[in-house]
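Undergrad: Protein chains in written order, with UniProt numbering: chain H, 1 to 367; chain V, 1 to 367.
Worth double-checking, as some hints may not be accurate.
Copies of one chain are not kept apart here, so a pair can be met inside one copy or by any two copies together.
Claimed, not checked - Under the rule of at most 16 angstroms between Cα atoms (straight-line distance), these lysine to aspartate or glutamate pairs were calculated in the EDC-like manner:
hint: 1; residue 1: Lys30; residue 2: Asp73
hint: 2; residue 1: Lys86; residue 2: Asp313
hint: 3; residue 1: Lys34; residue 2: Glu362
hint: 4; residue 1: Lys205; residue 2: Asp313
hint: 5; residue 1: Lys30; residue 2: Glu366
hint: 6; residue 1: Lys34; residue 2: Glu54
hint: 7; residue 1: Lys293; residue 2: Glu204
hint: 8; residue 1: Lys180; residue 2: Glu204
hint: 9; residue 1: Lys180; residue 2: Asp214
hint: 10; residue 1: Lys86; residue 2: Glu26
In short, the hints are calculated from the structure, not lab data.
2 protein chains.
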Amino acid sequence: MADQSLLFSRIVTDLPETVPFVPPEELERKTGVKIRLRLGANESSFGMSPLAREAMANSLGENHLYGDALSFDLKEELAARHGIGKEMITVAGGIDELLGWIARVFLNPGEPVTASLGSYPTFHYHVAGFGGRLHQVPYRKGKNDLDALADTARHTGSRIVYLANPDNPTGTWFTADELKEFRRQLPADCLLLLDEAYIEFAPEKAHFPVDPADPGVIRTRTFSKAHGMAGLRVGYAFAHREIITAFDKIRNHFGVSRIAQTGALAALKDEGFVRQVVREVAAGRREYEAVAKTLGFTAYPSATNFVAIDTGDANRAAAIREALWQRGVFIRIPGVAPLNRCLRVSVGTPAERQEFVRILREVVQEL
Amino acid sequence: MADQSLLFSRIVTDLPETVPFVPPEELERKTGVKIRLRLGANESSFGMSPLAREAMANSLGENHLYGDALSFDLKEELAARHGIGKEMITVAGGIDELLGWIARVFLNPGEPVTASLGSYPTFHYHVAGFGGRLHQVPYRKGKNDLDALADTARHTGSRIVYLANPDNPTGTWFTADELKEFRRQLPADCLLLLDEAYIEFAPEKAHFPVDPADPGVIRTRTFSKAHGMAGLRVGYAFAHREIITAFDKIRNHFGVSRIAQTGALAALKDEGFVRQVVREVAAGRREYEAVAKTLGFTAYPSATNFVAIDTGDANRAAAIREALWQRGVFIRIPGVAPLNRCLRVSVGTPAERQEFVRILREVVQEL
Numbered sequence: 001m002a003d004q005s006l007l008f009s010r011i012v013t014d015l016p017e018t019v020p021f022v023p024p025e026e027l028e029r030k031t032g033v034k035i036r037l038r039l040g041a042n043e044s045s046f047g048m049s050p051l052a053r054e055a056m057a058n059s060l061g062e063n064h065l066y067g068d069a070l071s072f073d074l075k076e077e078l079a080a081r082h083g084i085g086k087e088m089i090t091v092a093g094g095i096d097e098l099l100g101w102i103a104r105v106f107l108n109p110g111e112p113v114t115a116s117l118g119s120y121p122t123f124h125y126h127v128a129g130f131g132g133r134l135h136q137v138p139y140r141k142g143k144n145d146l147d148a149l150a151d152t153a154r155h156t157g158s159r160i161v162y163l164a165n166p167d168n169p170t171g172t173w174f175t176a177d178e179l180k181e182f183r184r185q186l187p188a189d190c191l192l193l194l195d196e197a198y199i200e201f202a203p204e205k206a207h208f209p210v211d212p213a214d215p216g217v218i219r220t221r222t223f224s225k226a227h228g229m230a231g232l233r234v235g236y237a238f239a240h241r242e243i244i245t246a247f248d249k250i251r252n253h254f255g256v257s258r259i260a261q262t263g264a265l266a267a268l269k270d271e272g273f274v275r276q277v278v279r280e281v282a283a284g285r286r287e288y289e290a291v292a293k294t295l296g297f298t299a300y301p302s303a304t305n306f307v308a309i310d311t312g313d314a315n316r317a318a319a320i321r322e323a324l325w326q327r328g329v330f331i332r333i334p335g336v337a338p339l340n341r342c343l344r345v346s347v348g349t350p351a352e353r354q355e356f357v358r359i360l361r362e363v364v365q366e367l
Numbered sequence: 001m002a003d004q005s006l007l008f009s010r011i012v013t014d015l016p017e018t019v020p021f022v023p024p025e026e027l028e029r030k031t032g033v034k035i036r037l038r039l040g041a042n043e044s045s046f047g048m049s050p051l052a053r054e055a056m057a058n059s060l061g062e063n064h065l066y067g068d069a070l071s072f073d074l075k076e077e078l079a080a081r082h083g084i085g086k087e088m089i090t091v092a093g094g095i096d097e098l099l100g101w102i103a104r105v106f107l108n109p110g111e112p113v114t115a116s117l118g119s120y121p122t123f124h125y126h127v128a129g130f131g132g133r134l135h136q137v138p139y140r141k142g143k144n145d146l147d148a149l150a151d152t153a154r155h156t157g158s159r160i161v162y163l164a165n166p167d168n169p170t171g172t173w174f175t176a177d178e179l180k181e182f183r184r185q186l187p188a189d190c191l192l193l194l195d196e197a198y199i200e201f202a203p204e205k206a207h208f209p210v211d212p213a214d215p216g217v218i219r220t221r222t223f224s225k226a227h228g229m230a231g232l233r234v235g236y237a238f239a240h241r242e243i244i245t246a247f248d249k250i251r252n253h254f255g256v257s258r259i260a261q262t263g264a265l266a267a268l269k270d271e272g273f274v275r276q277v278v279r280e281v282a283a284g285r286r287e288y289e290a291v292a293k294t295l296g297f298t299a300y301p302s303a304t305n306f307v308a309i310d311t312g313d314a315n316r317a318a319a320i321r322e323a324l325w326q327r328g329v330f331i332r333i334p335g336v337a338p339l340n341r342c343l344r345v346s347v348g349t350p351a352e353r354q355e356f357v358r359i360l361r362e363v364v365q366e367l
């Protein structure tokens, strides 16, 4: 390298120049398209609780103060709602940040990790970013293949197995009983990283119970989805207290913004708002499923705020996405086969859904 | 360890359970004291620009959307104002986050770093957090000892030398010419990490010029101080484009909140507000300096929004801090000798300064 100052660490030197997701704003800048329907990032078109908005508006005069590095009030409220101790909770700037902490805390360079092929790219990114080696297991019939994941975790000696429940990008889910059986199949030194970003949209039986005595499970959650606060950057994790202590040794202690703490605390208390969002999203999923059928596609059964519509063919999916994009509709297609036959579409408001369905029909007919 | 799941990475296992700063909220919870005057974290009592507040209030309906992972608009404005290319800028959730990226990008485990003894604890924390070895150089006559820092960087083979200009916790500063000479003394493979968190408060001649051709300097800046946005978590760095590219390989791409991007962009455009804050802070520093003198103490010459008042004795300083705390006044004392003789006090509003001075006089007389 030309200059000796530009000697980076071994891990960073070996990393590719890739990013987990190109943001929609950058896609707009690159293509000159202006987005009219933003349904590609599973943001909540229903916004956030009016109580959260009010609390944030009232706190605008406090932005000159650092937030509480311990997020004490927010953890206290989470602890009370989930019936667990505060010492089992950490708060971070979204699940993305948590995934980085987890890779950093658990992995030495070169150590193995298992996840589904096509699962959340940001997890894969952080595993690579800390020098981990990712083993990937194909989806099976549109779902994570739990047996194969456990097998791979075992024979590779994985330190972590990542599973999103409900899943992204398929939207599918497992019951707590299935997850408990999966947990039992994992080796004793393999952590189950259960990403529950979409758990609020899932039926009760998908809720894996919190066991404070089990050091082998971390669950990550967020205010980005059902609470409609993706832009605020606040998420949390439940884990054994020794894992929370390990996070405290490395985390950016003042990293969560004060206004996010304020908003999240107020949002937690507005259960009625979240229930209403969940109901509306369920109705929207049924609309998308019906439309998929009339177009000759199949929709994966979803317990999230999006639906993966299987067009049966990756080229067709790509063509549809491009035609949608040219009409200002932002959706995503998962990056790898066979999921790349699917259009992943967020459930928007009734008006957005109507507009999306109208344009989708138009596009499919034209192609 | 009892459970094999709790096997952490070698670096994390070796880390102590310490945090860079205990937040004032936690001090309140631990002691039962209620803070009346919060002058210990160098937050800006002058708040943020009304234009920033208005922009943020108007954007409250957008919090369900992720921010732009590239912070494009904010970088564009920063680039225009500083006359450099966008490719030399990165935006992060405050300087604290940037310091973590820098340690991660430049250090292999065991590699050496140089900083002043008593300089910013969060930098030390991140160096340790990525397995770096910190060499510390005592302050000399209340200032960073540039010659000794360069010597130590050289003989230890340091990859990074950290220098805050203006300095925290002393408030002192160097001219651009002194810094250029310092830069010349550093080995070719040693990065100068210039932390300019307080640069807006410093005289023009303290501004080290940006040289896009120099890959050996990173400058970190923030909206937390002069712009009064500590709670929002937004900072940025200027560096060689290859360093910015390295950050892009590891950073949390969606980590900066949308509302922080909005607020920071609006704040940048309100130069009059920052000028007014800087003038008011300068007046406040003179008040503190005068009071220090009447109490028989000396104030370090400061180009920041705080003043380090040297009481001449560490025990006296500790006693004063404790007495202030019992009266609800939050200030800090640097952690190591000889700086631990100093009270580090943020410059508050005129009313806060008056109240602080009244209580300080009372406390000093009583002790």
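Undergrad: If you check each hint against the structure, which ones fail?
TA: 2, 3, 4, 5, 6, 7
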